[in-house]
Amino acid sequence: MTNPTPPVAYTLAICTHNHADRLRKTLDGLQNLNHPQQAWEVLIVDNNSSDGTSELLAKDEWHPVNVPTRVVFEGRLGISHARNRAVTEARGDYLFFMDDDETPDANWLIAFEKAIEQWRPDALGGRIEVMFEDASRPSWLQDELLGFLGRLDHGPEPAPLTTPETPTYTGNSGFHRAIFDHIGLFDASLGRKGNANSGGEDVDIYRRLVAAGHSVQWVPNAIIYHRIQASKLRKSYFYDLHYRQGRMEGRINRGDGSRLPRPYLIVQLGRAIKGAFEVRMRQGKSHSVRKEMNVAYFIGYILGWMFD
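The opening residue of the sequence shown carries number 69 in the numbering used here; numbering runs sequentially from there.
Hints are computed from structural coordinates only; laboratory data are not their basis. Source: prediction; values computed, not measured. Keep in mind that a hint or two might mislead.
Stated by the list, open to error - With a cut-off of at most 20 Å between alpha-carbon atoms, the simulated EDC-like pairs for lysine to aspartate or glutamate come out as follows:
#1 Lys353 <-> Asp308
#2 Lys93 <-> Asp119
#3 Lys182 <-> Asp119
#4 Lys93 <-> Asp272
#5 Lys303 <-> Glu225
#6 Lys359 <-> Glu225
#7 Lys93 <-> Asp161
#8 Lys359 <-> Asp308
#9 Lys300 <-> Glu225
#10 Lys127 <-> Asp96
#11 Lys261 <-> Asp249
#12 Lys93 <-> Glu129
#13 Lys303 <-> Glu212
#14 Lys127 <-> Asp89
#15 Lys300 <-> Asp89
#16 Lys353 <-> Asp211
#17 Lys261 <-> Asp89
#18 Lys300 <-> Glu197
Unchecked claim - Per label pair, the in silico range of CB-to-CB distance:
#19 Gln297 <-> Gly352: 38 to 48 Å
#20 His131 <-> Ser207: 37 to 47 Å
#21 Arg144 <-> Arg276: 20 to 30 Å
#22 Arg350 <-> Arg144: 40 to 50 Å
#23 Val140 <-> Val271: 23 to 33 Å
#24 Lys303 <-> Tyr332: 21 to 31 Å
Heads up, the beta-carbon is just placed ideally off N, CA and C, and yes, glycines get one too.
Given only the sequences and the hints, what does the whole structure look like? Please build it.
Structure (structure tokens):
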């Protein structure tokens, strides 16, 4: 006779793909987490990794003490597939997500637990700070660009999030598992797939939550640190991020219509180029990156409209 699986209140899920080096640091960070009052588990979703991830996860030393841990393999490549697998595998009433290149504050889970006890929300979101891991911050990386590296801060006070303009990010979020029965799972057409520099699945599910009237609570003292590698500290990374976003949105918004781009798109591209040029001439190249990202976005949008 097998022993029944003990119940848990919370599932902490980490989805990973070919990031064994980064995942190792993330797993080390779990050792420093202060435990919530209710029982919890750790669920790792290996999203078809082909590096040393499976070997790393086969070892026992990364397991937090006295916390059940499980590893599942999801063969369909894509972060949304991995997150959806976590939804179906989780045993906790609440499912918390963090990414494989993050380090949680020691009281992260405790902060979420207190918020759940006080507000009983359908979903939660916490603050994400950036941590420059192996390179210093370049001079052109203005504060307005940190959000594109995952930084998220909706203010110092707890508050309900009720509008599309205040999304939560899945790098630091929680969901009552029952809400997925109402709003559906993560959109598998969105989000990172392998090395493709794309996203959007977290903002999409947040907006579906809000549109359906579900409660979303901002928990500012539930803090995650996103470790930024040198490979992301290049202007080309930011341009590519916006280009891919534009290309996806161009394809979606064209739908089944004509592939000939609308005239207003050409006008917007021209305005974006003019705006980037003016800022570069007036303030210098360290201040024009955000405007240049807009140029990359409209180029991608037009090409997505025409060819995808």
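The hints, checked one at a time:
Restraint check: the Cα-Cα separation between lysine 353 and aspartate 308 comes to about 18 Å, which is no more than 20 Å; the hinted pair holds. For a cut-off of 20 Å, the pair hint linking lysine 93 to aspartate 119 stands: about 16 Å separates their Cα positions. Between lysine 182 and aspartate 119, the direct Cα distance comes to roughly 38 Å. Violation of the 20 Å bound is thereby established for this hinted pair. In summary, the hint linking lysine 93 to aspartate 272 is not supported, as the alpha carbons are separated by about 29 Å, beyond the 20 Å threshold.
Only pairs whose Cα atoms come within 20 Å are accepted, and lysine 303 paired with glutamate 225 is rejected, the gap being roughly 33 Å. A C-alpha spacing of about 31 Å is found between lysine 359 and glutamate 225, which places the hinted pair above 20 Å, so the restraint is violated. For the hint pairing lysine 93 with aspartate 161, the CA-to-CA distance comes to about 27 Å; that exceeds 20 Å, so the pair is violated. Of the pairs offered as hints, the one joining lysine 359 and aspartate 308 holds, with about 14 Å between alpha carbons and a cut-off of 20 Å not exceeded.
For the suggested pair lysine 300 and glutamate 225, the alpha carbons sit about 30 Å apart, so the restraint of at most 20 Å is broken. About 13 Å separates the Cα atoms of lysine 127 and aspartate 96, which keeps this hinted pair within 20 Å; it holds. Only pairs whose Cα atoms come within 20 Å are accepted, and lysine 261 paired with aspartate 249 is rejected, the gap being roughly 25 Å. Restraint check for lysine 93 and glutamate 129: satisfied, since their Cα atoms lie roughly 13 Å apart, inside the 20 Å limit.
Between the alpha carbons of lysine 303 and glutamate 212 the distance comes to roughly 14 Å, so the proposed pair stays at or under 20 Å and holds. Between lysine 127 and aspartate 89 the alpha-carbon distance is near 14 Å, which keeps this suggested pair within the 20 Å criterion. The suggested pairing of lysine 300 with aspartate 89 holds, with an alpha-carbon distance near 16 Å, which does not exceed 20 Å. Of the supplied pair hints, the one linking lysine 353 and aspartate 211 holds, its CA atoms being roughly 15 Å apart against a limit of 20 Å.
Our distance criterion of 20 Å between C-alpha atoms is met by lysine 261 and aspartate 89, whose separation comes to about 19 Å. Between lysine 300 and glutamate 197 the alpha-carbon distance is near 15 Å, which keeps this suggested pair within the 20 Å criterion. Between glutamine 297 and glycine 352 the CB atoms are about 26 Å apart, so this pair departs from the stated range of 38 to 48 Å. The hint said 37 to 47 Å for the Cβ distance between histidine 131 and serine 207, and at roughly 42 Å that hint holds.
In this structure the hint that arginine 144 and arginine 276 lie 20 to 30 Å apart at CB holds, the actual value being about 21 Å. As the Cβ distance of arginine 350 to arginine 144 is approximately 48 Å, the hint placing it in 40 to 50 Å holds. Take valine 140 and valine 271: their Cβ atoms lie about 25 Å apart, and the range 23 to 33 Å holds. Between lysine 303 and tyrosine 332, the C-beta spacing of about 27 Å keeps the proposed range 21 to 31 Å intact.
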